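Starting from the known structure of chain A, arrange chains B and C on it as the hints suggest.
As a plain string of letters, each chain reads:
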Amino acid sequence: MEAEIENMIIAVLSGKGGTGKTLVSVNLASAAGASTYIDCDVEEPNGHLFFKPENVQEETVSVLIPVLDDERCDGCRKCVDFCRFNALAFIRNKPIVFEEICHSCGGCMLVCPTNALSEKEKVIGKVQVGQSDQVKVYTGILNIGEASGVPIIKRLLSENSLDERKLTVIDCPPGSSCIVMESIKDADYCVLVAEPTLFGVHNLNMVYELVSLFNKPFGVILNKCLQDENPAEMFCIEKNIPILGRIPYDTMLGTLNSNAKIAVREEDQYREMFSSLLKTVRKEVLRETVIDP
Amino acid sequence: MKQLLILSGKGGTGKTTIASAFIKLANARAYADCDVDAPNLHLVNAWSAEPEKADYYGLKKAVIDSDLCIECDQCRQNCRFDAISLTDKYEVNAYACEGCGVCEYVCPVGAVAMAPSVDGELMLHFDGKKVFSTAQLKMGSGTSGLLVTEVKKRMRSVEVEAELAIIDGSPGIGCPVIASLRGVDMVLIVAEPSISGINDMGRIVDTAAKFGIKIAVCINKYDSNIELTEKIERWCADHRLPFVGRIPFDPDAVRAVNAGKTIVDVDCISGNAVRDIYQKTIDLLFEEGAG
Amino acid sequence: MKIAIPVDVKDFESNVCESFGRAPYFLIYDTETKEGTTIDNTAAESTGGAGIKAAQIILDQGIEALLTPRLGTNAADVLKSAKVAIYKTMPGSVKENIDAFVAEKLPLLDEIHGGFHGGGDRKHDNSCSER
Chain A
1 MEAEIENMII AVLSGKGGTG KTLVSVNLAS AAGASTYIDC DVEEPNGHLF
51 FKPENVQEET VSVLIPVLDD ERCDGCRKCV DFCRFNALAF IRNKPIVFEE
101 ICHSCGGCML VCPTNALSEK EKVIGKVQVG QSDQVKVYTG ILNIGEASGV
151 PIIKRLLSEN SLDERKLTVI DCPPGSSCIV MESIKDADYC VLVAEPTLFG
201 VHNLNMVYEL VSLFNKPFGV ILNKCLQDEN PAEMFCIEKN IPILGRIPYD
251 TMLGTLNSNA KIAVREEDQY REMFSSLLKT VRKEVLRETV IDP
Chain B
1001 MKQLLILSGK GGTGKTTIAS AFIKLANARA YADCDVDAPN LHLVNAWSAE
1051 PEKADYYGLK KAVIDSDLCI ECDQCRQNCR FDAISLTDKY EVNAYACEGC
1101 GVCEYVCPVG AVAMAPSVDG ELMLHFDGKK VFSTAQLKMG SGTSGLLVTE
1151 VKKRMRSVEV EAELAIIDGS PGIGCPVIAS LRGVDMVLIV AEPSISGIND
1201 MGRIVDTAAK FGIKIAVCIN KYDSNIELTE KIERWCADHR LPFVGRIPFD
1251 PDAVRAVNAG KTIVDVDCIS GNAVRDIYQK TIDLLFEEGA G
Chain C
2001 MKIAIPVDVK DFESNVCESF GRAPYFLIYD TETKEGTTID NTAAESTGGA
2051 GIKAAQIILD QGIEALLTPR LGTNAADVLK SAKVAIYKTM PGSVKENIDA
2101 FVAEKLPLLD EIHGGFHGGG DRKHDNSCSE R
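Same order as they appear, the protein sequences are chains A, B and C.
The first sequence begins at 1 in this note's numbering and counts up by one.
The second sequence begins at 1001 in this note's numbering and counts up by one.
The third sequence begins at 2001 in this note's numbering and counts up by one.
Extracted from the complex, chain A is given alone in its bound form:
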């Protein structure tokens, strides 16, 4: 049984930035001993600030961008008119490609009657792999100005990063956009991080709808909890969503976090808190897979 639980892939999501998604992902991965942490928040990756990985190896990620063969182009303009993203402009009788706007759909090449367009690779970002104690850290970085982080997430989650023998924690981008959907595709279980406030519950609802749509088993961790009754808790009760844990509002935790320190590695009390949270998550995943393998 233990071996089965070990290889699970957990995606950590939140409706909005700042709720504690990175806090939870980074600390869960650290509490697990040997594990893999994958930062899919490619527009604003933060996990590596905490892990400070060593022996970092880097690989660029590219997409294909059209290239014009001037000689073959007869200025018919079909490519410019076809592009729905406005990535081509027709200037002085030749099309010019705006690489950052291009979505790499390959359409312009297909419509060109003279085969004047071919493709070249363009680097849009990179994937870094490093080690931080027992955690293998994958970081995806999208270059500023690029249109879509999806190709980076696809590379991050490809075969080699999903090590069957270890727990994998995926730190997802905030929100419920297409890059979030890409990030949770392979997850066995989703952890939704929410703040126990009126805003928090509204944002929780968004990711709740997303994971429901994808039929992923999920549970909620409430972060920055105060003593009072809160709307997020009530929401979970109403919708029968398991509350995996409650992280209290804690200035020490907040300060550690703002200084990019991994709580689990700094103080025993946090090591215990996140280990216990991890145990709960594992139990939940097991329960879910038994019910619905």
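These are calculated hints, taken from the structure and not from any lab test.
Below, a list of computed lysine-lysine pairs in the DSS-like style, where the Cα atoms sit at most 25 Å apart:
hint, chain 1, residue 1, chain 2, residue 2
1, A, Lys261, A, Lys166
2, C, Lys2010, C, Lys2088
3, A, Lys120, A, Lys154
4, A, Lys216, B, Lys1138
5, B, Lys1089, A, Lys185
6, C, Lys2080, A, Lys78
7, A, Lys94, C, Lys2002
8, B, Lys1231, A, Lys52
9, B, Lys1153, B, Lys1060
Here the structure is a predicted model, which is why all the values come from computation and not from measurement.
Frame of chain A; chains B and C shown alone:
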């Protein structure tokens, strides 16, 4: 009418809590929520009547007519986004479809059409005296800059007597933020005293500066890291950016918001700090000459 | 020569539009015939690349100069490649700006801002971030 935009870079800094307090203090008659991915402003600025709703259309998405489809597989082979799959028939996954139109082009029998796709919903509240414009982007939708522009346009489309409009901006640093910035007179940046928060703040200041807009900075939950708070204040001084105040972490703020109130509706330390920041911000906004 | 100006309404007395890429209309004015026509800016509805499309629209009208309060990098790239001169408008009506242009009193626009995705030339002072 002067437009004040409130931005934060990172999400969760308290931008909306502050924006709602400003709206209350100014008794603003025009305001907008440009955080279209996760709009929250309406939760503390409750309107009793239903808003005027309008669909927001993004890029058209491909739709396959299975009656015409001859299952030649050309569409799926040419789709670079893995958006077409064959289950019992050929289907386009609307969430993955990027609207490029290649499948429509390659289909030999015209079975694929690009159809309008509702990517979100716009909501406009107006009672004759005040206007509140907001929107919600649908799950999975990629672009939101255009929706942000629409939200602001709708706020201005209505005749109200207002000297000041307050706009709760988008988090992040990309396309929706640029759209939020366009045409405003001043931006108040709510910074978070954390390493990632400082990073984001720098990028926003950079972007806002290019628009030639007045900029002011404040810090929320400053007591979560005094050292970084002081670092931010020094950075502002070095870059000659007006620093308009610090707000402490305040559990009463959470309580007020959970009860659907703003922090200036109750007596609390964060509310008092915000009153001061509000005054300083407004003074800067209406001051002549500076820019 | 033909010049273009982004406008909010189809009226000479209207003020110049704040935005180029998403202006609702463009006024195309011929300085020789002193006639102007307004055309719709279909780029305003684009989800992306609006600046590029808008620039293409006015280019296709055969303009040689653009008068605008501001411009993003993408639109600027299109127009500069096409050797279109870009002038900075002053606050005021379209008519005032055209007169100023004809009298050679309008300055060239040099502040080009980053576009939708924050692309373009950004000399960012990184002293505040520790990344």
